[in-house]
Amino acid sequence: MEELVIIGYGAAGFASLIKANELGIKPVLIGYGPIGGTCVNFGCVPSKKMLNVGELYAKYRKHLNTDIYPQFFDSFKEKDDLVNEMRKIKYENVISSYDVTLIEGKAYFISQRKIKVNEKIIEAKKFIIATGSSPKIPNIKGIKEVKYWTNVEALNPDRKIDSLVILGGGPLGLEFAQMYKRLGVDVAILEYMPLLLPNWEPEISLEVRKILEKEGISVITNVNVKEIKKNGEGKTIVTNKGEIEADEILIATGRSPNTDLNLESAGVLLNENKGIKVDDELRTSNYDIFAAGDVIGNKMLESLAGKQGSIAAENAINNAHKKIDMLSVPQAVFIQPNVAMVGLTESEASKNQKIDTRLIKMSDVPKANILGEDEGFIKMIINKEDRRILGVHLVSENGAEVINEAALAIKMRASIDDIVDTIHVFPTMSESIRLAALSFTNDIKKMSCCI
Amino acid sequence: MKMNLRIDNSDLRGKSCESCGKTLTPEDVYIRKIGDEIHYFCCSHCADAFERSYKK
Chain A
4 MEELVIIGYG
14 AAGFASLIKA
24 NELGIKPVLI
34 GYGPIGGTCV
44 NFGCVPSKKM
54 LNVGELYAKY
64 RKHLNTDIYP
74 QFFDSFKEKD
84 DLVNEMRKIK
94 YENVISSYDV
104 TLIEGKAYFI
114 SQRKIKVNEK
124 IIEAKKFIIA
134 TGSSPKIPNI
144 KGIKEVKYWT
154 NVEALNPDRK
164 IDSLVILGGG
174 PLGLEFAQMY
184 KRLGVDVAIL
194 EYMPLLLPNW
204 EPEISLEVRK
214 ILEKEGISVI
224 TNVNVKEIKK
234 NGEGKTIVTN
244 KGEIEADEIL
254 IATGRSPNTD
264 LNLESAGVLL
274 NENKGIKVDD
284 ELRTSNYDIF
294 AAGDVIGNKM
304 LESLAGKQGS
314 IAAENAINNA
324 HKKIDMLSVP
334 QAVFIQPNVA
344 MVGLTESEAS
354 KNQKIDTRLI
364 KMSDVPKANI
374 LGEDEGFIKM
384 IINKEDRRIL
394 GVHLVSENGA
404 EVINEAALAI
414 KMRASIDDIV
424 DTIHVFPTMS
434 ESIRLAALSF
444 TNDIKKMSCC
454 I
Chain B
13 MKMNLRIDNS
23 DLRGKSCESC
33 GKTLTPEDVY
43 IRKIGDEIHY
53 FCCSHCADAF
63 ERSYKK
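Chains as they are written, first to last, in my numbering: chain A, 4 to 454; chain B, 13 to 68.
These are calculated hints, taken from the structure and not from any lab test. Where hints are given, some of them may not hold.
Claimed, not checked - Derived DSSO-like pairs: lysine-lysine, alpha-carbon spacing no greater than 27 Å straight-line:
| no. | chain 1 | residue 1 | chain 2 | residue 2 |
| --- | --- | --- | --- | --- |
| 1 | B | K27 | A | K229 |
| 2 | A | K119 | A | K277 |
| 3 | A | K117 | A | K310 |
| 4 | B | K45 | B | K14 |
| 5 | A | K65 | B | K14 |
| 6 | B | K27 | A | K382 |
| 7 | B | K27 | A | K364 |
| 8 | B | K14 | A | K213 |
| 9 | A | K387 | B | K68 |
| 10 | A | K382 | A | K354 |
| 11 | A | K354 | B | K67 |
| 12 | B | K45 | A | K364 |
| 13 | B | K45 | A | K357 |
| 14 | A | K233 | B | K68 |
| 15 | A | K163 | A | K233 |
| 16 | A | K387 | A | K310 |
| 17 | B | K45 | B | K68 |
| 18 | A | K217 | B | K34 |
| 19 | B | K45 | A | K414 |
| 20 | A | K364 | B | K34 |
| 21 | A | K184 | B | K14 |
| 22 | B | K67 | A | K382 |
| 23 | A | K117 | A | K277 |
| 24 | B | K34 | A | K213 |
| 25 | B | K14 | B | K27 |
| 26 | B | K45 | A | K354 |
| 27 | A | K150 | B | K14 |
| 28 | A | K150 | A | K229 |
| 29 | A | K364 | A | K387 |
| 30 | B | K68 | A | K354 |
| 31 | A | K184 | A | K217 |
| 32 | B | K67 | B | K34 |
| 33 | A | K163 | A | K62 |
So that you can see chain A by itself, here it is in the shape it has in the complex:
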């Protein structure tokens, strides 16, 4: 009998493998598709590379006052080179330095402690399910007959397109919108809810919409897609507000956990998000089976998946009772300027405590002015009594870097006084965190630099 079987070799699965080896266990690692999972192959790495290419050219256009755009296929080639290199360095080479039995194939449970893969039955004391997620395809009339793109095709286009309609105004939809717009493609975003980024602070949603529309992206919210039809070489999208014709459609309406593992035979239950139900130690309804990453169906974030993989392994092997502080898990949307958040929204925080909030504009942050990138703001939410920071929400240049300080502050349950007392390098974008904290007691518009 094996000590530990890890199903899935993406971010969570690899983290589980590394932790298992640290704890003296040689696991069986099972997966299918390109090693490394979504992140390195079809997710964070290629999309952020493409966004970076677009960002560079946007800066050239802005600062050189020239109408220059990246070469469509050259940009994707540059991305492919990076993905191949990172998959090799971060996954293929890494796995060779660990003690593991690697099996390529699709596993499914046949009992509480047994799985079957490639006709081979493996029995183990513990399991970690880390099978990730796949694009969620909405049930729209005509969608099955008309070919469409998901993140996979959008990162590996088979042809150059002139126009793209994106269904979904969440993080994925917004990133692809700016990515393609900056490749010179006409882009429209259709969002069913009244606001983009529906689960974020409304101020963020509004600011993001302004930024994208200013860049020439059409944003249509409160829209219900009724039908998708083939239209010559293109497609027609019929909505309750009218029609749109474009070369291609990208489905970015969320992701579904990959739970096709015959979980019933293992006694593993699903949650309301159709992900695997776990407790806060990542244990499923089967005491010996744990789950980590997107397959849980909660926040689908690369760094969270990695942490969950590690914690799941420690809890599975040592019954360590470790938990993740979900309050301090940051997330970002890598449009420019970045959008990022950590902690509670104002409406969440105000439910059971007295709160105070401040919002300062990036135009009040010296570094933003130095960079000439002063769009956006930072909003901070604190407990009014003990002044501890409950949430930070921002739109800013390099905001995905800045939010890490806020995540640490919330993890350490720091107060605004702790932040104000911490000397920050001048001039930096992360000073915005300190200025936001300072704004609870001072009018920062009436202060000189470095106060």
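Given the structure of chain A, go ahead and fit chain B onto it with the hints provided.
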């Protein structure tokens, strides 16, 4: 093909600040989630006033 957008995208048409009644435009709108609903205002002060009366 160039995008052909034949769509009515005037979400704010006819909408006014839920506190003071001022007509809203895309450049002059402030949104806040109060309870489980999205509410539209012309500024944060109006949102604060609305929220105070909402909580009473």
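Exercise. Which of the listed hints are not met by the structure?
Worked result: 4, 14, 16, 25
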